[in-house]
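Read off the chains here:
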Amino acid sequence: MEILIYGITNSITLALMAIGFSLTFGISGLPNFAHGAFYLLGGILTWIFIHQLGLPFFFSAILSILVVGVLGFILYWGLMLRLRGLAINEVIATLAAAIVIIEVLRYLGFSGFTYVLPEFVKGSIPIGNVWLDYQRIILVGIGIALIIFLYLFTHRTRIGLAFRAIAQNERTAISLGIDSDWTAALSLAFGSALAVIAGLAILPLGSIDTEMGYDILIYALAVGIVGGLESVPGIVLASFILGFAQILVATFFKAQWLTVITLAAIIFILAIKPSGIFGKYKELEERV
Amino acid sequence: MKKRVWFKIWGVLFLAILGAMFLSSSVFAQAKPIVLGLPSSFFQPLVKSGKIAIEMAIDEINAGGGILVKSEGVKRPLKLVTADTRCGEPGTPVHAALMAVDKMIAEEKPDALIVAPFRSEAMVATMDLIAKYKMITIQTIAQTPKLIEIFQNDPSKYKYWFRATTNSTYVGTTAARTVDALRKEYKYDKFFAIAQDTLWAKASADALKGRLEGLGWKMVGLELVPVGTNDFSPVLSKVRGSGAQLLYVVGDMPTLPVCFKQWKSMKIPTMLFLDFAVVTSTKAWSMYGEDLDYVMVMPFPGGTGAPVKALPKSVEFHSHWAAKKLPGMDDPRTVSSAYDAVYILKDAIERAGFIPSKDPDKFAEFVEKTDMMGVSGRIRFDKATHQQIFNGDPKEASIIVSYQWRAGKMIPIFPDLVAEAKVELAPWMK
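For the protein sequence lines, the chains are A and B, in the order given. The opening position of the first sequence corresponds to residue 850 in my numbering, with each subsequent residue numbered one higher. The opening position of the second sequence corresponds to residue 4 in my numbering, with each subsequent residue numbered one higher.
Do not take every clue at face value.
Facing chain A, a subset of chain B residues (Cβ under 10 Å, in silico) [stated by the list, open to error]: (1) 193; (2) 197; (3) 235; (4) 241; (5) 280; (6) 285; (7) 430; (8) 432.
Listed below are the simulated DSS-like cross-link pairs for lysine-lysine, each with C-alpha atoms no more than 27 Å apart in a straight line [what the hints assert, rightly or not]: (9) B:270 <-> A:971; (10) A:1103 <-> B:54; (11) B:54 <-> B:361; (12) A:971 <-> B:433.
Taking CB as the label site, the calculated pair distances span [said to hold, decoys possible]: (13) A:1010 <-> B:94: 41 to 49 Å; (14) A:1028 <-> B:124: 17 to 25 Å; (15) B:328 <-> A:1082: 17 to 25 Å; (16) A:1113 <-> B:289: 37 to 45 Å; (17) B:221 <-> A:1106: 21 to 29 Å.
No lab work stands behind these hints, which were simulated from the structure alone. Backbone N, C-alpha and C fix where the C-beta goes; we use that ideal spot for every residue, glycine too.
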């Protein structure tokens, strides 16, 4: 029972970490390696709004989501626009942006354990004979709500449909009047905002530290590569595979293999199905 | 006539200016500060907090006019100069730290060093610089017993070095004795260890294992968790299934708070002894709140993270800290010792009658004879090791105090001589 419950919470946590990265890549083909840095920045901004400006938590959270979303938007117009289509350059540029953000935050002293975000609700309840804290229950709720929202957004709204149109065939979408740059910029903004939402749900479990900027990127990449970088269902499935794999390994073997199992999954998937479980990009390229 | 009057006025003015110059020069001579050098890694929270403590001590001393240097017949204020050795940052080589110390000594010409490099490896290498420059050093961070070995290999060369804090051997022994109180009180004898998968944390777990097994405990499990682990539930499930009554957790990674939060939310049936410096000062409650309830912690040296009634200086120290509205201690491990280090120097200067740089060889003898009350108890140095003496009686030596978090307070629970309450079981353990 404990494995089932904590397997689910761990899986949803991984899905939250990866979903913003996957959304941006799936829509605009942009590998946003600054994803982890935005996750971190969102957490620190929220902390600053609460503790330095005295704003209430929910207002601070919304403000951080907006600020980081706008930063993602600016990142596209300021940097990525000139690099569209140059995959390696896009990776280098976003990774450089990530390093700048993380190292500036480190320079400003945002390391250590002072920076803790409040839990939505404190305490825990028994589910069967397993005690689970409210924060993880809310985290699962946020994760599920976000997945449903993303599905509805990309299938039922004009912007969402435009996102998918660009992802499916950019030239045809442009010929129908969809502005690909605006769509890509919006996807980067959305992906960055999702990184902050993930942070707001996950960070109250521990404390904020600059190193997390790099760790989150690795987890997001692992989930994305296993599931298929552009596929939301793939992300969900990969999160569950990795989430349960981590719990099972830690329970039946040794916890020190937690990271190894995640990275081994990347190598395994890249060797047998480079597009990921539900990914299509590489397969399409191979067919062409 | 007018000319003569003007001549007199100008003459008086000239004499007045001369007099003022003379007086001011003697004032400056009086005010020439004694320079304390602080070469350490300011990336580390414990050094940042330690620097605040040093500045507090300097402010207190300077407010009284400074330190009386008998041979000069004046009171001289203290001045702090710093150099960032960066040895607490990942990937900084030892030689970079050494260069920072060397540069500071050459350029700032401090009269003595305090605190000194953070990382033990850097501190070991710094010993030769201390010897080369004959620099009196009251060192308060690095815990390795290796420093004592170096000193003992050539005491005449390294006599300028003094460690005014604990060493890792004594820290480990005190931790074992603290949790052994649970065996005596509740007949507990099984423990489980969770260590961050890094060398130092593994070494701490191994050391505690050796000591506790010597006291009749049995280790029923050891789990190493990778840095960055943010879900401890599978490991804690193992703890639950192991029959352990005590859980020892050691590490310093940012996600470690997840562990004690889950220990509480999953109601793991063990007592928790947390070897995690961040939760060893009263500030931690503002960050983690009631998640810390019933957790046992051990800041060192004694009285540094929270006051202890049996250590009057610790009460005074914390009330001064609060009165000055200084920021909370992110990591208290060198806070009180750095503060005491300044007073150790003050005491030695007053007894010697001269400053450390004037005659370091002779001054070392005065530091060796230190016998004063500090935050952690009675401060004395072992002549054979130049290590501050620690045992369980604050009237005889310095001590380490273990606490238990209860309702926002750190309650001293060990050693018995200073304990203010007995360790209390978590509600789900009763």
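query = Hint numbers the structure violates, sorted upward?
reply = 1, 6, 7, 8, 10, 14 and 15
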